[in-house]
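Given the sequences, and given the hints that come with them, work out the whole structure.
For the sequence shown, our numbering begins at 1 and goes up steadily by one.
It should be emphasised that the hints constitute simulated quantities derived from the structure, not laboratory data.
Keep in mind the model is a prediction, meaning the values are calculated, not measured.
Yeah, the Cβ is synthetic: ideal placement off N, Cα and C, and Gly gets one too.
Some hints could be false.
Claimed, not checked - Simulated restraints, written as ranges between beta carbons of each label pair:
#1 Q124 to R16: 35 to 45 Å
#2 P19 to V55: 18 to 28 Å
#3 H104 to S147: 23 to 33 Å
#4 H81 to G151: 25 to 35 Å
#5 K84 to G64: 50 to 60 Å
#6 H104 to P19: 22 to 32 Å
#7 E7 to V106: 32 to 42 Å
#8 T112 to V57: 17 to 27 Å
#9 R16 to T150: 51 to 61 Å
#10 R161 to E60: 16 to 26 Å
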Amino acid sequence: MNFGVSEEDAMAIVKRVLPLVGLDESFMDRSPFDLSGGQMRRVAIAGVLAMEPEVLVLDEPTAGLDPAGRREIMNMFNQLHIDKGLTIVLVTHQMNDVATYADHVVILEKGTVVKMGQPDEIFQDAQWLQEKQLGLPDALAFLDRLSKRTGVDFGDERPLRTEQLAAVLIAKINENKGSKNAAKEEGGNHVG
Numbered sequence: 001m002n003f004g005v006s007e008e009d010a011m012a013i014v015k016r017v018l019p020l021v022g023l024d025e026s027f028m029d030r031s032p033f034d035l036s037g038g039q040m041r042r043v044a045i046a047g048v049l050a051m052e053p054e055v056l057v058l059d060e061p062t063a064g065l066d067p068a069g070r071r072e073i074m075n076m077f078n079q080l081h082i083d084k085g086l087t088i089v090l091v092t093h094q095m096n097d098v099a100t101y102a103d104h105v106v107i108l109e110k111g112t113v114v115k116m117g118q119p120d121e122i123f124q125d126a127q128w129l130q131e132k133q134l135g136l137p138d139a140l141a142f143l144d145r146l147s148k149r150t151g152v153d154f155g156d157e158r159p160l161r162t163e164q165l166a167a168v169l170i171a172k173i174n175e176n177k178g179s180k181n182a183a184k185e186e187g188g189n190h191v192g
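Now the structure itself:
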């Protein structure tokens with residue numbers, strides 16, 4: 001008996017939750033020593049999901065995983081949130097994960113809440129984040145560096161994700177093309 005359920009019910013629960021974490025039933029018979037780090041985490045998460053929680057609290061769930069493994073695990077949590085309505089509390093220093101997956105951010109310092117809000121609000125003040133030894137999402141850090149090096153003003157644009165950064169850059173390129181084309185047309189009308 002596991003958590004007050006029969007072995008038969010426990011097996012049925014396991015068969016139901018394994019696909020939720022991207023694993024098939026063959027993992028029920030595999031030794032933990034034969035699993036990769038990402039697979040071990042998925043099995044552990046399946047064990048938690050078997051208890052049907054309403055809230056998952058995850059402390060650095062992708063630590064030590066390669067970038068592909070990190071993405072897979074974070075996408076899995078996001079899908080669980082969407083499909084199962086799970087509330088997920090993510091404790092992390094990975095600002096890209098915060099920018100990509102968080103609906104609401106709470107920043108703690110020595111156990112005290114020092115800032116909270118939506119990701120786009122939190123990442124507005126780069127200097128404050130640096131003072132708190134928190135980074136910026138890669139897209140935002142790139143745009144800040146690009147602006148400083150080129151002197152190009154991107155206005156109030158604060159892209160948090162790569163696709164947002166691409167949209168900002170494309171808009172700026174198109175804006176500059178439009179300005180150059182207008183200047184050429186004006187220049188072509190002058191008689192000299």
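Now the hints, each set against the structure:
A hinted range of 35 to 45 Å holds for the C-beta pair Q124 and R16, which are about 42 Å apart. At roughly 21 Å, the beta-carbon separation of P19 and V55 lies within the given 18 to 28 Å, and the hint holds. Against the hinted window of 23 to 33 Å, the Cβ-Cβ separation of H104 and S147 comes to about 28 Å, which satisfies the hint. Evaluation of the 25 to 35 Å hint for H81 and G151 yields a failure: the beta carbon distance comes to about 41 Å.
At roughly 26 Å, the beta carbons of K84 and G64 sit outside the given window of 50 to 60 Å. Take H104 and P19: their Cβ atoms lie about 28 Å apart, and the range 22 to 32 Å holds. Distance hint check: the CB atoms of E7 and V106 are about 41 Å apart, consistent with the given range 32 to 42 Å. Between T112 and V57 the CB atoms are about 19 Å apart, so this pair conforms to the stated range of 17 to 27 Å.
For the pair R16 and T150, the supplied restraint of 51 to 61 Å holds, since their beta-carbon distance comes to about 53 Å. For R161 paired with E60, a C-beta distance near 21 Å keeps the hint of 16 to 26 Å intact.
The structure fails to meet hints 4, 5 from the earlier list, while all remaining hints are met.
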